[in-house]
Amino acid sequence: MRKFINNDKVFTIFNYLLALFFLLIAFYPLWYVVICSVSDPSAIVTGKVWIVPADVTLAGYRRMFTENDIWFGYARTIIYTLVGTCINLLFTIPAGYALTRRTLPFRKAINIYFMLTMFIGGGLIPTYLWMSKLGMVDNVAVLVLMGAVNVWNMIICRTFFDTNVPVELIDAAKIDGGSEIRIFTTIVLPLSKALLAVMTLFFAVGHWNSYFTAMVYMRSKSKWPLQLVLRSLLLTVNGQDEGVGNGMERMLQLQGMKYAVIIAASVPVLVIYPFIQKHFVKGVMVGAVKG
Amino acid sequence: MKKKKLSIRLRKHWELYVMIAPAFFYILIFHYIPIHGLLGAFENYKPHKGFFGSDWVGLQHFRKFFQTNAFWTVVPNTVKLSLYGLIAGFPLPIVLAMCLNYIPSLKFKKLVQNVTYAPHFISLIVMVSMINNFLGVNYGLVNNIREAFGLGREQFLTDAGLFPHIYVWTGVWQGVGWGSIVYISALAGVDPELHESARIDGASILQRIRHIDFPAILPLAVTMLIMNAGHIMSVGFDKIYLMQNSLNLSASEVISTYVYKQGLGSSNYGYATAVGLFTAIVNLIMLVIVNTISRRLSETSLW
Numbered sequence: 001m002r003k004f005i006n007n008d009k010v011f012t013i014f015n016y017l018l019a020l021f022f023l024l025i026a027f028y029p030l031w032y033v034v035i036c037s038v039s040d041p042s043a044i045v046t047g048k049v050w051i052v053p054a055d056v057t058l059a060g061y062r063r064m065f066t067e068n069d070i071w072f073g074y075a076r077t078i079i080y081t082l083v084g085t086c087i088n089l090l091f092t093i094p095a096g097y098a099l100t101r102r103t104l105p106f107r108k109a110i111n112i113y114f115m116l117t118m119f120i121g122g123g124l125i126p127t128y129l130w131m132s133k134l135g136m137v138d139n140v141a142v143l144v145l146m147g148a149v150n151v152w153n154m155i156i157c158r159t160f161f162d163t164n165v166p167v168e169l170i171d172a173a174k175i176d177g178g179s180e181i182r183i184f185t186t187i188v189l190p191l192s193k194a195l196l197a198v199m200t201l202f203f204a205v206g207h208w209n210s211y212f213t214a215m216v217y218m219r220s221k222s223k224w225p226l227q228l229v230l231r232s233l234l235l236t237v238n239g240q241d242e243g244v245g246n247g248m249e250r251m252l253q254l255q256g257m258k259y260a261v262i263i264a265a266s267v268p269v270l271v272i273y274p275f276i277q278k279h280f281v282k283g284v285m286v287g288a289v290k291g
Numbered sequence: 001m002k003k004k005k006l007s008i009r010l011r012k013h014w015e016l017y018v019m020i021a022p023a024f025f026y027i028l029i030f031h032y033i034p035i036h037g038l039l040g041a042f043e044n045y046k047p048h049k050g051f052f053g054s055d056w057v058g059l060q061h062f063r064k065f066f067q068t069n070a071f072w073t074v075v076p077n078t079v080k081l082s083l084y085g086l087i088a089g090f091p092l093p094i095v096l097a098m099c100l101n102y103i104p105s106l107k108f109k110k111l112v113q114n115v116t117y118a119p120h121f122i123s124l125i126v127m128v129s130m131i132n133n134f135l136g137v138n139y140g141l142v143n144n145i146r147e148a149f150g151l152g153r154e155q156f157l158t159d160a161g162l163f164p165h166i167y168v169w170t171g172v173w174q175g176v177g178w179g180s181i182v183y184i185s186a187l188a189g190v191d192p193e194l195h196e197s198a199r200i201d202g203a204s205i206l207q208r209i210r211h212i213d214f215p216a217i218l219p220l221a222v223t224m225l226i227m228n229a230g231h232i233m234s235v236g237f238d239k240i241y242l243m244q245n246s247l248n249l250s251a252s253e254v255i256s257t258y259v260y261k262q263g264l265g266s267s268n269y270g271y272a273t274a275v276g277l278f279t280a281i282v283n284l285i286m287l288v289i290v291n292t293i294s295r296r297l298s299e300t301s302l303w
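Going down the list, the sequences are from chains C and S. Take our numbering: the final residue in the first sequence is number 291, and no numbers are missing along the way. Take our numbering: the final residue in the second sequence is number 303, and no numbers are missing along the way.
Treat the hints with care, since some could be wrong.
[What the hints assert, rightly or not] Simulated restraints, written as ranges between beta carbons of each label pair:
# : chain 1 : residue 1 : chain 2 : residue 2 : range
1 : S       : LEU151    : C       : ARG63     : 29 to 35 Å
2 : S       : LEU10     : C       : ASN164    : 26 to 32 Å
3 : S       : PRO104    : C       : TRP152    : 33 to 39 Å
4 : C       : ILE112    : S       : PRO47     : 29 to 35 Å
5 : S       : ALA160    : C       : PHE14     : 33 to 39 Å
6 : C       : GLU168    : S       : ASP201    : 38 to 44 Å
7 : C       : SER222    : S       : ASN138    : 32 to 38 Å
[Unchecked claim] The following residues of chain C were derived to be distant from chain S, with all beta-carbon distances above 12 Å:
#  : residue
8  : VAL38
9  : VAL52
10 : ARG62
11 : THR66
12 : ASN68
13 : TRP71
14 : LEU82
15 : LEU191
[Claimed, not checked] Mimicking EDC-like on lysine to aspartate or glutamate, the simulated pairs with C-alpha atoms at most 16 Å apart in a straight line are:
#  : chain 1 : residue 1 : chain 2 : residue 2
16 : C       : LYS174    : S       : GLU15
17 : C       : LYS221    : C       : ASP138
18 : C       : LYS193    : C       : ASP162
19 : S       : LYS261    : S       : ASP238
20 : C       : LYS48     : S       : GLU147
21 : C       : LYS221    : C       : GLU67
22 : C       : LYS223    : C       : ASP69
23 : C       : LYS221    : C       : ASP69
24 : S       : LYS12     : C       : ASP171
Read the hints as simulated data drawn from the structure, not as lab findings. Idealized CB from N, CA, C, for every residue including glycine.
Let the hints inform the model, and build the full structure from the sequences given.
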């Protein structure tokens, strides 16, 4: 007995060290970007920036504010994200709920219809050709519609409703003569705030961060979302191209602005997520696991 | 009790069908209808002639793909990267979840959780830009450190041999916290009485992990593994494409980037479709194989 307790103490110490290791590994690169964004570019390239900012300056942020491409991209992405997320929620959540109602005829067949999409599909080229036939190339509609239904998230919704909304409640409301849509909006949704929060986050982050759909379908720069603007800005000075073609001056400017741009692009996402993360483990994922 | 007539039952549930309809039609239009385009894999597809007017070439595109040099770089690269990613990325979320499960301080646990989730939310453009900033030859942090220790500056980003490591471990960095969520909630679902009685019987923490926690998350871990096995041939396009440069291409060209370049870059629609179809079929076969093995060994199965 005594021995075990000692072993447990040793374990706990190592366990803390392990957790600390995970914490630092995750934290340091993020911290490095933050301190670089407020340091002088020449201090960064000479390796003076390491744990705290060196030669503190806001020049990177100031310079970023003069790049119109970024701000127009920002504005467009906000619109795409808002509209796209609304469509996501509207398409995914009611369907997920309806599929939990056991009396629904063809429930199983409809479920299989959705599940199968995780394993079979046309793939990139057939989808592209079909979309271009529908006039979706260079059409902003494709940005808000692509991925409107995410089957994986639909499963999470289904399991959430199954485990968190008592069937008796719905049956009682039905006996009182409530219509299905009324029951959904007045009884089920108010019980599902955690799910709504998490789904909103998932979808919004997905829209905010995606570049692939835009890269494939968007021709005109005037419709580019922020991520594509960032790509042309951050990744043109890539790997072997580093330092080639641009003068040292422009290089340093870009280098200094880069970190500010990274921060500006990531802040909206990192700001909303602490408000929502408390729902992750308890509210939503428990259900997903059981399913 | 006799079941009511189908037409009556359908009418009774019309509202539920209305709720499903948007998703149903979206999937139909964006997912199922494009499948007819797979016909292009067997044709010399020309957009103006359409799928039903283009010349039929049978398996010519597949034969061509198997005979090109590209086949021998693209397929091994894809398998290598996804297997490596699977092996490196699979156990660590479990380790993190187990680790956090035995942190007595709730505050510290929350802190670690929140910080390790954060990288998941960074966009891939930003992620790859960070990789370039850390590993760049002239200004990169790692090279600055190397120089401070008197080591030479290295061309990390253009080294094809290093590409798989950079690709996989940055992916692990981004995904480990997020991946641990499902395991953390599975561990939270373990009956506390099991732990209590084991402790009374004198079991150490390590013994409890082995005999209580591990069996509790095993079915979930197996399910995750099966799902991942179904993607062995489709390593994600997004990040690899951004990390490619002309010098690391021998290690970084994978099926998805190849299909993109062949299809949308060079308009070889039929050929690119054939390569995509080949991938999808291999994925499906892998999924069935792994699922069968898993059903035999552990009775965990997707269907």
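How the hints compare with the structure:
Our hint of 29 to 35 Å for LEU151/S and ARG63/C holds, since their Cβ atoms are close to 33 Å apart. Evaluation of the 26 to 32 Å hint for LEU10/S and ASN164/C yields a pass: the beta carbon distance comes to about 28 Å. Between PRO104/S and TRP152/C the CB atoms are about 34 Å apart, so this pair conforms to the stated range of 33 to 39 Å. The hint said 29 to 35 Å for the Cβ distance between ILE112/C and PRO47/S, and at roughly 33 Å that hint holds.
Take ALA160/S and PHE14/C: their Cβ atoms lie about 38 Å apart, and the range 33 to 39 Å holds. A beta carbon spacing of about 40 Å between GLU168/C and ASP201/S agrees with the range 38 to 44 Å that was offered as a hint. Our hint of 32 to 38 Å for SER222/C and ASN138/S holds, since their Cβ atoms are close to 34 Å apart. No Cβ of chain S comes within 12 Å of the Cβ of VAL38/C; the nearest lies about 15 Å off, and the non-interface call holds.
A cut-off of 12 Å between C-beta atoms confirms that VAL52/C is not in contact with chain S; the least separation is 14 Å. Even its closest Cβ contact with chain S, about 20 Å, leaves ARG62/C beyond 12 Å, as expected for a residue assigned away from the interface. With a least CB separation of 20 Å from chain S, THR66/C remains clear of the 12 Å interface cut-off, as annotated. Residue-level check passed: ASN68/C sits 19 Å from the nearest beta carbon of chain S, beyond 12 Å.
In this structure TRP71/C is separated from chain S by more than 12 Å, as the shortest Cβ-Cβ distance comes to about 17 Å. A cut-off of 12 Å between C-beta atoms confirms that LEU82/C is not in contact with chain S; the least separation is 17 Å. Distance to chain S confirms LEU191/C as a non-interface residue, since its nearest Cβ pair spans about 17 Å, more than 12 Å. Restraint check for LYS174/C and GLU15/S: the C-alpha separation of about 13 Å stays at or below 16 Å, so the hint holds.
Between LYS221/C and ASP138/C the CA atoms are separated by roughly 10 Å; this keeps the pair inside 16 Å, and the hint holds. Taken as a hint, the LYS193/C and ASP162/C pair is honoured in the structure, with Cα atoms around 15 Å apart against an allowance of 16 Å. Proposed proximity of LYS261/S and ASP238/S is supported: the alpha carbons are some 13 Å apart, at most 16 Å. Restraint check: the Cα-Cα separation between LYS48/C and GLU147/S comes to about 12 Å, which is no more than 16 Å; the hinted pair holds.
Between LYS221/C and GLU67/C, the direct Cα distance comes to roughly 15 Å. Compliance with the 16 Å bound is thereby established for this hinted pair. Proposed proximity of LYS223/C and ASP69/C is supported: the alpha carbons are some 11 Å apart, at most 16 Å. Distance restraint check for LYS221/C and ASP69/C: the Cα-Cα separation of roughly 9 Å lies within the 16 Å cut-off, and the hinted pair is therefore satisfied. Distance restraint check for LYS12/S and ASP171/C: the Cα-Cα separation of roughly 14 Å lies within the 16 Å cut-off, and the hinted pair is therefore satisfied.
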